[in-house]
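Keeping their order, the protein sequence lines are chains A and B.
Numbering follows our numbering, with no gaps: position 60 of the first sequence is 60.
Convert by adding 1000 to the 1-based position in the second sequence; the result is the number in our numbering.
In short, the hints are calculated from the structure, not lab data.
Be careful, since some hints might not be right.
[Unchecked claim] Chain A regions said to be covered by chain B (calculated; three or more residues, Cβ under 8 Å):
(1) 48-57
(2) 91-97
(3) 155-169
[What the hints assert, rightly or not] With beta-carbon atoms standing in for the labels, derived distance ranges:
(4) Q265(A) to F1166(B): 47 to 53 Å
(5) G75(A) to L1074(B): 26 to 32 Å
(6) F1166(B) to K124(A): 38 to 44 Å
(7) T228(A) to A1197(B): 49 to 55 Å
(8) E189(A) to A1197(B): 37 to 43 Å
(9) G75(A) to F1212(B): 36 to 42 Å
Ideal Cβ placement from N, Cα and C applies to all residues, glycine included.
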Amino acid sequence: MSIQVKNLKHIYEKGMPTESVAIEGISFEVGDGEFLGIIGHTGSGKSTLLQHLNGLLKPDEGTIVIGGVDITAPGVSMVDIRKRIGLVFQYPEYQLFEETVAKDVAFGPKNLGLGEEETEERVKEAIELVGLDYDDIKDRSPFELSGGQKRRVAIAGVVAMRPEVLILDEPTAGLDPKAHKDVLNMIEEVHRRTGNITVLVSHNMADIAKLSDKVLVIDSGHMVTMGTPKEVFSKREELSRVGLDLPPITNLTEELRQRGMDIEQTILSVDDAARQIAEYLKDKGHNKC
Amino acid sequence: MLRDITLGQYFPGNSWIHRLDPRIKIMATLLFIIELFIVDNFIGFLIAAVVLGIIVAVSKVPVSYILRGLKPILLILVFTFALNMFMVKGRILWQWKFLHITAEGLELAVFMAIRLILLLMGSSMLTLCTRPIALTDGIERLLSPFKKIGLPAHDIAMMMTIALRFIPTLLEEADKIMKAQQARGADFETGNLMQRAKSLIPILVPLFVSAFRIAQDLAMAMEARCYRGGENRTRMNEMKFKGRDYAAIVMMLLFAAVIIIESKVL
Ligand SMILES: Nc1ncnc2c1ncn2[C@@H]1O[C@H](COP(=O)(O)OP(=O)(O)O)[C@@H](O)[C@H]1O
Ligand SMILES: [Mg+2]
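Only chain B is shown next, with the shape it has when bound in the complex:
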């Protein structure tokens, strides 16, 4: 059940998208997010959705897998939808006591929901199609111009690498602990909110103990191999733009132009 969390996970593959330079993918994702906020009508979203659809199809990541990643944020989605629907003033469509739904509210709610879903699907494509190591390498390279003003780009990238690397490990650990407590008769599925919160203690305490143990072991292993951060380190895989990366840049800019023209000019 914990393995259902696909947000931030890598989906192994060798598609065109998988092979793009991580820097391109990071920039494209940022651009996509910005564009989603520029869009101010449904046609803009339709264009963005089609583009995202093409990316998903090319990447060969199953749609069901991406949708499963949306499950954890379903609650937030429903909440914002309800909030928008009930709180906006305007032409009243339906009323019951103090609750009312307005045409404007409904429109805004649908609008925001689409934006949120596209936002999450778009950004999860980045992590689904990029190896964590490549991703953090890309971030390090993109941040390196800021080293001059004292930004520890390498350390930030390293911390992210480690965090990403240990998500599956900790999920596995949590899965194991959960099973062990279930074997002792623990019940996580029934009871009221209070009881359920309390039933998490037997999982969280051992999980924290494990996390600290793993962190300490890792720190020790890194020190034993004389890890000293980014100064003067060379890398095994130098990042270089290839033909497909330039093609991707062109497509990215084209897409951005279409979105801006569609929303701001037309």
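Here chain A stands alone, though its shape is the one from the complex:
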């Protein structure tokens, strides 16, 4: 399973005076089991791009091949595509509608035509995978849950479909720090356990640096750069030009480097930074003697 996107272009409200090009000339590849992070400031076209990946929007130009199937070709079954590619929208809690949590999470699996037993098993698995207690929550109304819980139930609704590609559009937007951490851990856990391709859009650079195998940067609908987190976050000026920042820890270590501390370039995790700084200080101590 892999994704190849070639020269994608999308125009909103084609033929109206308000017509606008949302994305243009986007090309990238994601390999089997990879984790792709997408960054870009608000209005840069991230959500538009994601909606192409499961056929909700049709490109005006370009192709998307997923697992060998060109999903932009006419006559492809959209139902089959959505079976394999799960998309969690921004603020997914607004799509909850059933009387109970279990019924809501079962909506996706039921649409896939699964039987009662299989559905229940998947619902249970998904709810536990997102870190909620199945027996405790399954009969409650989704509308009486807290914001973080609602968000997780909504994500479980997509996870329960066991997609081969899981796409998440700013899944941690507007959450408190604890819920943020929980949701992030959950995404990592689902990715690790199922070995799926995961695509994550986020404004949190630290999360992107931590989880991604590859990072795609877009600005006003165009690709700016793509590469490993290390490659992308080493381009500080380029990122700052399109309104993006480095992860806080990278910012700190770059500042330290500029002030003469001899440590590696583009450190992306706190652990790494701590180790390097400790080593540097130790060396410096030796030199003094």
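Start from chain A and add chain B with the ligands according to the hints.
Frame of chain A; chain B with the ligands shown alone:
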């Protein structure tokens, strides 16, 4: 797909029609509707259609855009057409079992269909060429003489402003919810009537929840800014008739005279 609904939407532009005073446009639309009911022959409709055609051409709104707005009422159009065609008694042209088409029926059906289409196109020109805010300001001004008998003109106008303002917001919201449910495998396009009606539940429930949330937020924001209704409020853009508005009044009256003479006198 939801964005195809153009009925009641504004089409940005800066044409002569766009710049007319909203009061003139509202009155002209009402007059046009009344005239369509006065007309009793096809020549009258032809005149009205030509006038409407000129208005559309001047406004620079694409005809395809206006026609798309007619799509939602296509069903009503077909239904009234069929009803008129089959139900009217008279000279029989064609018969099959209990169904028959009469010459009079056919004529009436075509007549009514033209009237309905002109009616809808005419009234959609009002909203297409007038900013919602200007439209409701115009309504408020036109209703203000009735304030003396206790009509809350400002509140009515405000409610309309808000309703118009939130049509696109709710359509956008519905679009988003629909996509989210489609991503979960929901299917709105196939199945029988019952199944299709049922497939609307996953859209309608979240949509209602959103609508209430938006309404509450708006009410709160208005209260926070001490909104107290129309008493003693002044406005940023005072409405004043300009040369083109007087020209429009003359043309309106001329058109009305032609229609009345054509239908009632000739
Ligand atoms: N349904 C739509 N109709 C018209 N324009 C849209 C629509 N959705 C998004 N846009 C426009 O497309 C651009 C990209 O939006 P989006 O993909 O939502 O960006 P992001 O998710 O990166 O914030 C924006 O300029 C936005 O205004
Ligand atoms: Mg977005």
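Here is what the structure says about each hint:
no.: 1; hint: 48-57; verdict: holds (count 3)
no.: 2; hint: 91-97; verdict: holds (count 5)
no.: 3; hint: 155-169; verdict: holds (count 3)
no.: 4; hint: Q265(A) to F1166(B): 47 to 53 Å; verdict: holds (51 Å)
no.: 5; hint: G75(A) to L1074(B): 26 to 32 Å; verdict: holds (27 Å)
no.: 6; hint: F1166(B) to K124(A): 38 to 44 Å; verdict: holds (40 Å)
no.: 7; hint: T228(A) to A1197(B): 49 to 55 Å; verdict: holds (50 Å)
no.: 8; hint: E189(A) to A1197(B): 37 to 43 Å; verdict: holds (39 Å)
no.: 9; hint: G75(A) to F1212(B): 36 to 42 Å; verdict: holds (41 Å)
Hint violations for this structure: none, all hints satisfied.
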